[in-house]
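Starting from the known structure of chain D, arrange chains W and U on it as the hints suggest.
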Amino acid sequence: MRIPILKLYDYLLVSIQWELDDATALGFQEDLLQKIHETSASGVVIDLTSIDFIDSFIAKVLGDVFSMSKLMGAKVVITGIQPAVAITLIELGVSLEGVMTALDLEKGLEKLQQELGD
Amino acid sequence: MNQIVFTFITHSRDYMLEEWMNLMKENADERLINVVSNEMFVQTSAEFIDMIISNTRRNNEEFASKLSDFAEKVVRLGWPLSFIIEGLHKFTLVVINGMVMKEQVTKDNQMEIIYDLDKWTSPMKQEIISIYTQTWERTVSLQKMALQELSAPLIPVIEGITIMPLIGTIDTERAKQIMENLLTGVVKQRSEVVLIDITGVPVVDTMVAHHIIQAAEAVRLVGAKCMICGIRPEIAQTIVSLGINLNEIVTKNSLKKGIDAALDWTNRKITKVEE
Amino acid sequence: MEFQSCVKIINEWDIVAARQLGRNVAKELGFGTVDQARITTAISELARNIYLYAGRGSVCIEKEYVNGKSGMKIIASDEGPGIQDIRKVMEDGYTTSGGLGAGLPGVRRLMDEFDIDSFPSKGTKVTAIKWIR
Numbered sequence: 044m045r046i047p048i049l050k051l052y053d054y055l056l057v058s059i060q061w062e063l064d065d066a067t068a069l070g071f072q073e074d075l076l077q078k079i080h081e082t083s084a085s086g087v088v089i090d091l092t093s094i095d096f097i098d099s100f101i102a103k104v105l106g107d108v109f110s111m112s113k114l115m116g117a118k119v120v121i122t123g124i125q126p127a128v129a130i131t132l133i134e135l136g137v138s139l140e141g142v143m144t145a146l147d148l149e150k151g152l153e154k155l156q157q158e159l160g161d
Numbered sequence: 004m005n006q007i008v009f010t011f012i013t014h015s016r017d018y019m020l021e022e023w024m025n026l027m028k029e030n031a032d033e034r035l036i037n038v039v040s041n042e043m044f045v046q047t048s049a050e051f052i053d054m055i056i057s058n059t060r061r062n063n064e065e066f067a068s069k070l071s072d073f074a075e076k077v078v079r080l081g082w083p084l085s086f087i088i089e090g091l092h093k094f095t096l097v098v099i100n101g102m103v104m105k106e107q108v109t110k111d112n113q114m115e116i117i118y119d120l121d122k123w124t125s126p127m128k129q130e131i132i133s134i135y136t137q138t139w140e141r142t143v144s145l146q147k148m149a150l151q152e153l154s155a156p157l158i159p160v161i162e163g164i165t166i167m168p169l170i171g172t173i174d175t176e177r178a179k180q181i182m183e184n185l186l187t188g189v190v191k192q193r194s195e196v197v198l199i200d201i202t203g204v205p206v207v208d209t210m211v212a213h214h215i216i217q218a219a220e221a222v223r224l225v226g227a228k229c230m231i232c233g234i235r236p237e238i239a240q241t242i243v244s245l246g247i248n249l250n251e252i253v254t255k256n257s258l259k260k261g262i263d264a265a266l267d268w269t270n271r272k273i274t275k276v277e278e
Numbered sequence: 030m031e032f033q034s035c036v037k038i039i040n041e042w043d044i045v046a047a048r049q050l051g052r053n054v055a056k057e058l059g060f061g062t063v064d065q066a067r068i069t070t071a072i073s074e075l076a077r078n079i080y081l082y083a084g085r086g087s088v089c090i091e092k093e094y095v096n097g098k099s100g101m102k103i104i105a106s107d108e109g110p111g112i113q114d115i116r117k118v119m120e121d122g123y124t125t126s127g128g129l130g131a132g133l134p135g136v137r138r139l140m141d142e143f144d145i146d147s148f149p150s151k152g153t154k155v156t157a158i159k160w161i162r
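Chains as they are written, first to last, in the working numbering: chain D, 44 to 161; chain W, 4 to 278; chain U, 30 to 162.
Next comes chain D alone, as it looks inside the complex:
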């Protein structure tokens, strides 16, 4: 199953709606980078509102997506991390350092606009 990536002006929007298995997560990483390349998008918002748990593998994929996108010149904001997920991640010892976060999609887009200065 593939995760749809939508293009909105200069940004890419991704909303992850179901539990990620390893293959889907890795497939998503590839698709997103490909899409950034095709569209030369300058910002990406990944919304995790419907995700109720993230383990260290998914966290690593997300961190990697962030660093790889940055190399390709796109800023990534992760939005909608649930309280339970945030607590679990911190206890797991994963703090997604350097990754930009926002409360929801709307705030995420605002943050990107601020960051990119337009």
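The hints are simulated quantities; they were obtained by calculation from the structure and are not laboratory data.
Do not take every clue at face value.
Said to hold, decoys possible - Below, a list of computed lysine to any residue pairs in the SDA-like style, where the Cα atoms sit at most 25 Å apart:
#: 1; chain 1: D; residue 1: Lys-78; chain 2: D; residue 2: Pro-47
#: 2; chain 1: U; residue 1: Lys-98; chain 2: W; residue 2: Ile-134
#: 3; chain 1: D; residue 1: Lys-150; chain 2: W; residue 2: Ile-134
What the hints assert, rightly or not - Chain U is nowhere near these chain D residues, computed Cβ spacing over 10 Å in every case:
#: 4; residue: Ile-46
#: 5; residue: Leu-49
#: 6; residue: Tyr-52
#: 7; residue: Gly-70
#: 8; residue: Leu-76
#: 9; residue: Thr-92
#: 10; residue: Ser-93
#: 11; residue: Ile-97
#: 12; residue: Met-111
#: 13; residue: Lys-113
#: 14; residue: Lys-118
#: 15; residue: Val-142
#: 16; residue: Lys-154
#: 17; residue: Gly-160
Just so you know, even glycine gets a beta-carbon here, dropped at the ideal spot from N, CA and C.
Chains W and U alone, transformed into the frame defined by chain D:
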């Protein structure tokens, strides 16, 4: 139970009570004597001794219900457990001394008598200890519940700015609860900035600091900013001397400064209205 | 032991099956959302370790009642190569697979009780318990 022991105990109540009270007064600490009036002491002591004597009638069920009543009464009186146990021990001593004086103890039966008395008093000790422990456990669990109700509230001040005042000692259990309240609150109230005020936290050690850092990181993950306010001089000193790294977190010495900074972060300021 | 439920870990999909089982049982036992996330995450880490290092094994879930406390027990066992240096794998950031190295120490932090037994070339068994608050 040995017939001689049984007869002695059931027939020498007044003698034993007198002796027992003398022995206990010699050993009791000042505190207890001051708290309990002499009259009260005599009354409860009599009750205590009668209670023990009544156990020689071998009706276990009656004894158990009486004993729990008695133990509860003693708990309400505030007699320490050590005092009661000492009391039982002294009672055995009184019985042996009394029997020796009446020359009822001989070389042949002394071991049997001591063994018999021990077999009789041990279950009493155990029952009393278990009732005491149950009472303590109940108190502890009630207090735990009371403490949970004290857990920190999240107060919205201005749109997007929320304050969480922390008061009292923070242990792991409470820290987890606070973290959950904090994060659900931040998401629900859509806060951009949360100020955690630690003015009311008496001690910040490595563990408390660790919990605060974790909370700040988790707040960042859900997409808000976190600030620690109310850092007093002694807390700043302990944090630095313990080598705790709070560099990643914005800290302010007072809640007022914190609110100013939070307004600044959200591009707002408070101005006086011209009259 | 009145209840035990196991998932065999043979391929990647079984990781998903194991954590779904864990989440359902946790929900049924009355754990709050945060604890549900903790349990699911812990199972995911343990199941992934089996898949990555041992190739096959199983994750079992039991309800646990001790001294008036009730909780949930996770037993992850395999007959894989075992762990050479247990102390090392319990350190944060230690990894042999290129992951985050948060797996086992993370699971210990997420759960209330944690126990690991491993014999080189015989296998590994991790037991972890979460109590209902």
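Hints and how they fare:
Our distance criterion of 25 Å between C-alpha atoms is met by Lys-78 of chain D and Pro-47 of chain D, whose separation comes to about 11 Å. Straight-line distance between C-alpha atoms of Lys-98 of chain U and Ile-134 of chain W comes to about 21 Å, which keeps the hinted pair within the 25 Å bound. Distance check on the hinted pair: Lys-150 of chain D and Ile-134 of chain W sit about 59 Å apart at the alpha-carbon level, beyond 25 Å; violated. The claim that Ile-46 of chain D lies off the interface holds: its Cβ sits roughly 15 Å from the closest Cβ of chain U, which is beyond the 10 Å cut-off.
Distance check on Leu-49 of chain D: its Cβ is at least 25 Å (rounded) from any Cβ of chain U, clearing the 10 Å threshold; non-interface status holds. At roughly 34 Å from the closest C-beta of chain U, the C-beta of Tyr-52 of chain D stays outside 10 Å, upholding its exclusion from the interface. Residue-level check passed: Gly-70 of chain D sits 12 Å from the nearest beta carbon of chain U, beyond 10 Å. Interface exclusion of Leu-76 of chain D from chain U stands, the closest Cβ pair being 18 Å apart, more than 10 Å.
No beta-carbon of chain U comes within 10 Å of the beta-carbon of Thr-92 of chain D; the shortest separation is about 14 Å. With a closest Cβ-Cβ approach of about 13 Å to chain U, Ser-93 of chain D is found to remain outside the 10 Å limit, as its non-interface label requires. The beta carbon of Ile-97 of chain D sits about 7 Å from the closest Cβ of chain U, which is not more than 10 Å, so the claim that it is off the interface is violated. With a cut of 10 Å on Cβ distances, Met-111 of chain D stays outside the contact zone with chain U, its closest approach being about 15 Å.
The Cβ of Lys-113 of chain D lies farther than 10 Å from every Cβ of chain U, with a closest approach of about 18 Å, so its non-interface assignment holds. At roughly 22 Å, the least C-beta separation between Lys-118 of chain D and chain U is larger than 10 Å, which holds for a residue marked as non-interface. Under the 10 Å C-beta cut-off, the non-interface status given to Val-142 of chain D relative to chain U holds; the minimum distance is some 13 Å. No Cβ of chain U approaches the Cβ of Lys-154 of chain D within 10 Å, the least distance being about 25 Å, so the stated non-interface status holds.
A cut-off of 10 Å between C-beta atoms confirms that Gly-160 of chain D is not in contact with chain U; the least separation is 32 Å.
Of the numbered hints stated above, those contradicted by the structure are hints 3 and 11, listed in ascending order.
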